[in-house]
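Visitor: Protein chains in written order, with my numbering: chain A, 99 to 379; chain B, 8 to 353.
Hints listed in this document are in silico derivations from the structure and should not be mistaken for laboratory results.
Being a predicted model, the structure only gives us computed values, none of them experimental.
All residues carry an ideal CB built from backbone N, CA and C; glycine is no exception.
Do not take every clue at face value.
[As the list claims (entries may be wrong)] Beta-carbon label-pair distances, calculated as ranges:
hint, chain 1, residue 1, chain 2, residue 2, range
1, A, Ile149, B, Trp95, 57 to 65 Å
2, A, Arg266, B, Asp248, 46 to 54 Å
3, A, Glu236, B, Asp248, 55 to 63 Å
4, A, Leu248, B, Thr163, 28 to 36 Å
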Amino acid sequence: MIVNLRASVSLWFTHPLLLIGGVIVSSVVLSAVLAPWIAPYDPAMISVHDILLPPSWAHWCGTDTLGRDVLSRMLYGARVSLAVGFVAVGISLLIGVCLGAVAGHYGGRADTLLMRATDMVLCFPTFFLILAVIAFLEPSIWNIMIVIGLTSWMGVTRLVRAEFLSLRKREFIMAAESLGVSSFQLIWRYMLPNAMGPILISAVLGVAGAVLVESGLSFLGLGVQPPDPSWGNMLTEGKDNIQIAWWLSLYPGLAILITVLGYNLLGEGLRDLYDPRSSSR
Amino acid sequence: MTYAIDFLLYGCFILYSWGDMKQYALKRIIGMIPLLIGITIISFGMMHLAPGEPSVIGSEFNPKVSAQDIERLRTHYGLDKPLYEQYWNWMKRLLFLDFGTSFSSDARPVLDKVAERLPVTLWINILAMVLILAIAIPIGVISAVRQNSWFDRGMTVFVFIGFAIPSFWLGLLLMIALGVNMNLLPISGIHDYGWLQMGFWEQQIDLLKHLILPVFVSAIGGLAGMSRFMRSGMLDVIRADYVTTARAMGISEQNIRYRLALKNALLPIITLLGLSIPGLIGGSVIVEQLFSIPGMGLLFYEAVLSRDYPLVMGITVIGAVLTLAGNLLADLSYAWADPRIHHGGE
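The following block holds chain A by itself, in its conformation from the complex (with noise of 0.2 Å):
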């Protein structure tokens, strides 16, 4: 036990992106988590007398022009940029592990057409394909998290293919097959646990991607809806004041590069990890 602690400590030390990472996100999650007890103020309290307050004492980022405190939304706005980013990845988790577990378990005609299917989808500029999707839907939180998790699965299915190819030529795979382990239990059995290393570094990114996807289209509007905090929405309402108050602007997309930036390390130091040669570069 001991010694376990003490080598999970060293690890933290010794790959410092993982540290970083890790501590931004945990953060993150804590303040989300958090958001009831540690908001200084209610984030939907409007107060007439305290419009467009720039950063003080008691708003340490400023107040919006309903005189809502900006950190207690941005608060707010981490359970959003948390439940998104989840969500959205489990969702393409669950159809490019299965796609890609297909296509490369299977290998020949499934392989071929699922390949070409995902080749035609990356033809589409992801961004144009939310939209023209999101155009046909209300927008809201729920649509969003479906909606950008169908469109991001292509680089997983792609992952999960090219690991289960590498497998599939393995001894230790060869010799399940030829025991009459069936198809089934071989994926999830064997093959699955041997990917997952790529398979986590590329969710921990792909929730950096979906964060940022969310942000922007809450900040075209067609994200979270106001009242509703999310930090991308906060910056809309920071363009539309840009003449007058900065701080509006500054912080929410403060937290959004923190926390995109706390997730991008934690996936290159997982991969570190997992790979160490591509560290030495």
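Let chain A serve as the given structure and place chain B on it in line with the hints.
Guide: Using the frame of chain A, we list chain B on its own:
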């Protein structure tokens, strides 16, 4: 002198391989046809699987519209026919570049609306690409040559931030700093008020001033990715056996780095440029909305807001075709630069 001979030999080789090249290009173009058909099927499916038919929109809550009227509209738009027949008809019109007419009150053909908005978008994206190449290649090369120096470390930080920064936020900050506080650059549109009264050169300078921020903001993500890619490509090449051989033969470090290694490290950049096209085109929605630039991205955004389905579908298909064309161009340039590709072998 040696450069001249290099160049001459290379020219002869290109002429010699042109026949091969044509064959390769033809093969690639034919290979794209199934992709094109796939693109149209996906677009068509999206249009028809989505809830709400065009004939119902705007009329569902209107008491003056009777069931017969809706039926007549359905027949008029061909929506009463089976799906495969509707797809076939749509495809036939697409072949003649007929994307239908916009639902907006001007009811103009989709193609016309896109055609007048496309040039600005293309210009911004082309300029962004030039900017990316002009900055990212030197950064990548210097980082690789001086690996682990302060420059390399600084650039690594820059790359991580460049990947994580929301482009529209960077745009907002630049607008506040350069546009509002310092009043250096215009923050919206592509023309100043007095555009029509300006002389030719004044107009060009005005346009350029309006494009500086949008181009920079579009380029930031690609800048980070490209410089990272260039760095690792250069590192790979520097460690390759033929470079060690060259060094052993006594070729100067300058020549190794900037002639032998750089040339080979530049090859994969062509592919990456092709791959970055969908991101740039997609990103133009946000950049153009932020800076109020009347391009294809803003048109698309407006079409989404007003649920102008023919326009949305038209731009989606055009965006995908542009991506495909960009990829083809990248493939062909790669084959042109690296003859191993079209001479068979992988």
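Visitor: All the hints need checking, so say for each whether the structure fits it.
Guide: Verification of the supplied hints:
1. Ile149(A) <-> Trp95(B): 57 to 65 Å: Given a distance of about 58 Å, which is inside 57 to 65 Å, the answer is holds.
2. Arg266(A) <-> Asp248(B): 46 to 54 Å: At roughly 31 Å between Cβ atoms, Asp248(B) and Arg266(A) fall outside 46 to 54 Å, so the hint is violated.
3. Glu236(A) <-> Asp248(B): 55 to 63 Å: holds, 59 Å
4. Leu248(A) <-> Thr163(B): 28 to 36 Å: holds, 34 Å
Comparing the model with each earlier hint shows a violation of hint 2 alone; every other hint is respected.
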